[in-house]
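Participant: Sequence:
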Amino acid sequence: MLGRIHSTDSFGTVDGPGIRFIVFTQGCVMRCRYCHNRDTWSMKEGEMVTVDDLMKKIMPVRHFLTGGVTVSGGQPTLQPEFVTELFKELRKEGIHTCLDTNGYVKSISPAIADLIDETDLVLLDIKHMDNDLHQKLTYTKNERVLRFAQYLEKVNKPTWIRYVVVDGYTTKEEYAVQLADFVKDMKNVEKVELLPYHSLGKHKWDVMKDEYELVDVKPPSDDVMKALQNIFLERGVNATY
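The sequence shown runs 211 to 451 under my numbering.
Be careful, since some hints might not be right.
[To be verified] Cross-link-like lysine-lysine pairs, in silico, DSS-like; alpha carbons within 30 Å at most: (1) 302 with 346; (2) 346 with 382; (3) 351 with 302; (4) 428 with 401; (5) 302 with 382.
[What the hints assert, rightly or not] Okay, the calculated beta carbon distance ranges per label pair: (6) 391 with 304: 36 to 42 Å; (7) 260 with 229: 20 to 26 Å; (8) 395 with 267: 38 to 44 Å; (9) 269 with 395: 14 to 20 Å; (10) 383 with 269: 44 to 50 Å; (11) 221 with 262: 17 to 23 Å; (12) 303 with 223: 18 to 24 Å; (13) 254 with 383: 40 to 46 Å; (14) 433 with 364: 32 to 38 Å; (15) 431 with 388: 19 to 25 Å.
If you are wondering where the hints come from, they were derived from the structure by calculation, not from laboratory data.
Yeah, the Cβ is synthetic: ideal placement off N, Cα and C, and Gly gets one too.
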């Protein structure tokens, strides 16, 4: 079986617990305005590799991986069978598996269910609880994402929720309240990661000759981040930034 891969990173530290090997898949449906991996969108680019190809890269550095392996993207749920096969091989070796996803799946198909079953931890990006603003940010609706989150709760899959804090889009406290209320009773959610917006991926938009629309948006202040964190903490939700 072949998978379409954009790139790999041998020592990632921000995509799940510990030091991790990161596999970036190629292809994504969302068109997030702040995407820092703009070059992963196309379904036709990237390199076709086998699970064995990836295992040959991972195994020589496994003893340096205090965390495990994360598959990110792009959008890895577009290639569920391939990622499932990779995770099965990793788990045979006792290596922790993490799926970094925006949760935009058409349905909970058998392939998606199998993938989640082979995943130790899910990092789920919830871009916005307000559907209109979700569409403004990503050009997609949020109903599939929220349904996926509810499925993760149903099967009690350990999950970290990720929420990017973008001035003019997600900084209002009412939006954080909506997300906090959505996840506060989900026993599978271990924490919410509040991620301050940055424009470090803008150069990729330039390379792709695409317009980066948030060029004038500044990172949120520490006061804003702290205020949003407190909203979650007050509702009993572990939140970090």
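Participant: State for each hint whether it applies.
Facilitator: Structure-based check of all given hints:
no.	hint	result
1	302 with 346	violated (42 Å)
2	346 with 382	holds (15 Å)
3	351 with 302	violated (37 Å)
4	428 with 401	holds (25 Å)
5	302 with 382	violated (45 Å)
6	391 with 304: 36 to 42 Å	holds (38 Å)
7	260 with 229: 20 to 26 Å	holds (25 Å)
8	395 with 267: 38 to 44 Å	holds (40 Å)
9	269 with 395: 14 to 20 Å	violated (40 Å)
10	383 with 269: 44 to 50 Å	holds (46 Å)
11	221 with 262: 17 to 23 Å	holds (22 Å)
12	303 with 223: 18 to 24 Å	holds (21 Å)
13	254 with 383: 40 to 46 Å	holds (41 Å)
14	433 with 364: 32 to 38 Å	holds (37 Å)
15	431 with 388: 19 to 25 Å	holds (22 Å)
Hint compliance for this structure: hints 1, 3, 5 and 9 are broken, all remaining hints hold.
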